[in-house]
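Student: Given the structure of chain W, go ahead and fit chain U onto it with the hints provided.
Those protein sequence lines, which keep their order, are chains W and U.
So the first sequence is numbered by our numbering: it starts at 79 and just counts up by one.
So the second sequence is numbered by our numbering: it starts at 4 and just counts up by one.
Hints are supplied without guarantee of correctness; some may be wrong.
The calculated lysine-lysine pairs, modelled on BS3-like cross-linking and capped at a C-alpha distance of 25 Å, are [unchecked claim]: (1) U:138 - U:7; (2) U:33 - W:292; (3) W:647 - W:492; (4) W:222 - W:380; (5) W:445 - W:492; (6) W:292 - U:89.
Since the hints were made in silico from the structure, they are not lab data.
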Amino acid sequence: MNPEIFRILVVDLTTGKGQVRKIDERANSVGGSGLAALLFEQYGDPKRPWHDPDQPFILAVGPLTGLFPLMSKTVSSFKSPYHDQYTESHAGGRCALALRFAGYDALVLRGRAASLSCLSIGANHLQLQPTGFMAGMDAMATGKLMRRMFRKNSGHRSMLRIGPAGEKGLAMACINVDTYRHFGRLGGGAVLGRKNIKGIVIQGDDNFSLPSDKDYSSLVARVHAMVTDTDMLRKYHNLGTPANLQTLNDISSLPWRNLQQTSDPGITGITGKRFADETLLRNGACAGCPVGCIHIGCIREKFEEKDNRYLYHQVAYDYEPIFAAGSMLGITNTFDVLRILDVMEKVGVDSMSAGVALAWATEAVDKGLLSEKETIVSLQFGKTEGYIQAAQLLGTAANTFYRLLGRGTGAAAKQYGGVDFACVLGQEMAGYATGEVFFAAQSLGFRHSHLDTGAYSYDQKHADKDPQAVIDFLLADEACRCLLTSMVSCLFARSVYTEEVLSDCLRVSGYADMVENLTSCGREIRARRWRLRFATGFRPEQISLPKRFYRVKTWKGPVDTGYLDLLKKEYGNRIAALAASAG
Amino acid sequence: MSIKILTTPHMDRCIGCHSCSLACARLVNKKISWETAGIRIQSSGGLSSGFVARHCLACDPPPCAAVCPTDCLRPRISGGVTIRRKLCIQCDSCVAACPVDAISRDRTGNIYLCIHCGLCVDFCPHDCLEMQSIKKEAGEEKL
Numbered sequence: 079m080n081p082e083i084f085r086i087l088v089v090d091l092t093t094g095k096g097q098v099r100k101i102d103e104r105a106n107s108v109g110g111s112g113l114a115a116l117l118f119e120q121y122g123d124p125k126r127p128w129h130d131p132d133q134p135f136i137l138a139v140g141p142l143t144g145l146f147p148l149m150s151k152t153v154s155s156f157k158s159p160y161h162d163q164y165t166e167s168h169a170g171g172r173c174a175l176a177l178r179f180a181g182y183d184a185l186v187l188r189g190r191a192a193s194l195s196c197l198s199i200g201a202n203h204l205q206l207q208p209t210g211f212m213a214g215m216d217a218m219a220t221g222k223l224m225r226r227m228f229r230k231n232s233g234h235r236s237m238l239r240i241g242p243a244g245e246k247g248l249a250m251a252c253i254n255v256d257t258y259r260h261f262g263r264l265g266g267g268a269v270l271g272r273k274n275i276k277g278i279v280i281q282g283d284d285n286f287s288l289p290s291d292k293d294y295s296s297l298v299a300r301v302h303a304m305v306t307d308t309d310m311l312r313k314y315h316n317l318g319t320p321a322n323l324q325t326l327n328d329i330s331s332l333p334w335r336n337l338q339q340t341s342d343p344g345i346t347g348i349t350g351k352r353f354a355d356e357t358l359l360r361n362g363a364c365a366g367c368p369v370g371c372i373h374i375g376c377i378r379e380k381f382e383e384k385d386n387r388y389l390y391h392q393v394a395y396d397y398e399p400i401f402a403a404g405s406m407l408g409i410t411n412t413f414d415v416l417r418i419l420d421v422m423e424k425v426g427v428d429s430m431s432a433g434v435a436l437a438w439a440t441e442a443v444d445k446g447l448l449s450e451k452e453t454i455v456s457l458q459f460g461k462t463e464g465y466i467q468a469a470q471l472l473g474t475a476a477n478t479f480y481r482l483l484g485r486g487t488g489a490a491a492k493q494y495g496g497v498d499f500a501c502v503l504g505q506e507m508a509g510y511a512t513g514e515v516f517f518a519a520q521s522l523g524f525r526h527s528h529l530d531t532g533a534y535s536y537d538q539k540h541a542d543k544d545p546q547a548v549i550d551f552l553l554a555d556e557a558c559r560c561l562l563t564s565m566v567s568c569l570f571a572r573s574v575y576t577e578e579v580l581s582d583c584l585r586v587s588g589y590a591d592m593v594e595n596l597t598s599c600g601r602e603i604r605a606r607r608w609r610l611r612f613a614t615g616f617r618p619e620q621i622s623l624p625k626r627f628y629r630v631k632t633w634k635g636p637v638d639t640g641y642l643d644l645l646k647k648e649y650g651n652r653i654a655a656l657a658a659s660a661g
Numbered sequence: 004m005s006i007k008i009l010t011t012p013h014m015d016r017c018i019g020c021h022s023c024s025l026a027c028a029r030l031v032n033k034k035i036s037w038e039t040a041g042i043r044i045q046s047s048g049g050l051s052s053g054f055v056a057r058h059c060l061a062c063d064p065p066p067c068a069a070v071c072p073t074d075c076l077r078p079r080i081s082g083g084v085t086i087r088r089k090l091c092i093q094c095d096s097c098v099a100a101c102p103v104d105a106i107s108r109d110r111t112g113n114i115y116l117c118i119h120c121g122l123c124v125d126f127c128p129h130d131c132l133e134m135q136s137i138k139k140e141a142g143e144e145k146l
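Chain W with its partners taken away, still in its complex shape (with noise of 0.2 Å):
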């Protein structure tokens, strides 16, 4: 690993060749969040469609990647399917270190190939194999057989593929990492569709010095005391982020049947507890993380009716995942979460947005705006069958309906009616109802992510209105994430690397010029990504909330309307300020 200098690899999926290429930009652009809009920008066109074969999918990691404790994330980036515009999504599984230890700072892939193919890379081979025999696969499945194709490297590799829905070029499409983890968000899944790649091979194959530094193996040896031997980290590996299902619904926070509760009794069944007591297998990690926050449920059927015959399937949980696929759809049995949760991961869809477009088109179907005919399977608040079966034909695109519903609640609701309950803020909601700056932050954020900022926090912990706190709050815990994702941190690490933490690493690291102008980096990227979203057509007064969010009552109270539109006005014009900023 050379401080100074990214390498990074370019592959052109039409000719299936790769070039190696150095570029001299580490100190502006870090990694991460930061080395992908840089990419972005030399590779990307701005106003060319996403489906464009020449529009690039990135995938980055940061200078800490592979030498410290959860530096265990990669980012990716792309025109995203959803709005035609510049994004991001983040994943973990072993993605991050494999591509670390194949000697590269990114991949980058431009061009499509010419079938339905896999690419296989790593220190010192790349191979683009073409896989027609994939089409129509879960993405399941596709993970076993993958592993079959490519057995070099077990365990020291990572895979990435996309289900049905990628193909199928749905902007609620994911790519599946390593089975359990995800790049789920916006579509990714579609681009990778797109360029006829039904999977990508990570063989992390090499290996690296020893930063020079004396102090390196012992900052290393305390900050994995500090995320192993205290409480810091322990919420994420105990009950795990389930545990805020409770906390949430208490507090009427937690959006129930499509958003038209904020609390149920019915949260004793899908308790973060429950889920630990009824299903959970076991944990596992990230590459390089010894928290190990991921929660593998378990679910058998029977599936012969006279005999005892089983089958079981292990499905990971996470509190979004539950919100989406539980309260949002009145799914109050820790099973029917799951196994509508396996459907979702078969067929490739990001189950935050599925879970939060089957619940809009539920209410439609109360109201009369959709029948069978459209839905095919009866869609009803808290009936686990017919969500399984339309979780499949949500994802394989079954019909007009949904096919429209894959490109987005707020599409569907377009075309049907209904868009004052499609609980769409930028893209479709995140679990969490917690009052106005959720809803303003999310509906802004750049991924339109609840981690963007910790805007669902603030909400928790502020029952005052103070517009200009809260965006000042929102903009410098943005620019503190964006370091952290150029790093490439997990979030969950940020309680450990303080920008003292952080200066500490990087400087042990190699990278002590860095360390220099840390907090203008942060802001600099910050800056960087949203010039790059406007000018691929965003604009935040085009984005308008639907009345369903000004209906919710919280622990706060009712939401205060005039609040939430300032807000939303005056984040608005903050970001805008920093997109026409100088570069």
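Tutor: Frame of chain W; chain U shown alone:
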């Protein structure tokens, strides 16, 4: 006398974080990698099936040392081997001789295998790894 070897009695607790491999590469072999390590973690047929650790099982006598033409690998008391890297001619005989695929090579042909130092143990968050004492009297075969 009592000498310790690395054992992996609780691999069913393994979460696949690779902290042990990364620690071995870093502390023993002065590398950043998950390949250049004496203990390497892989899934046993996809992540759904859990994990296995590939590491030296301390054969006594060790077949890898028996085929080593330069005495780079020499039998260690109570099983396993010691390594004298400068003597290695990268013939790969040891790699082929290891019955449990515990010796890895990097791209330049250097070999890596567990020397039972135990530095990886403290980095396992779930105590999957243990150093175990092997008692051996003079002239006695290890069980």
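Student: To test your reading of the hints: which numbers does this structure violate?
Tutor: Of the numbered hints given earlier, the structure breaks none, since each of them holds.
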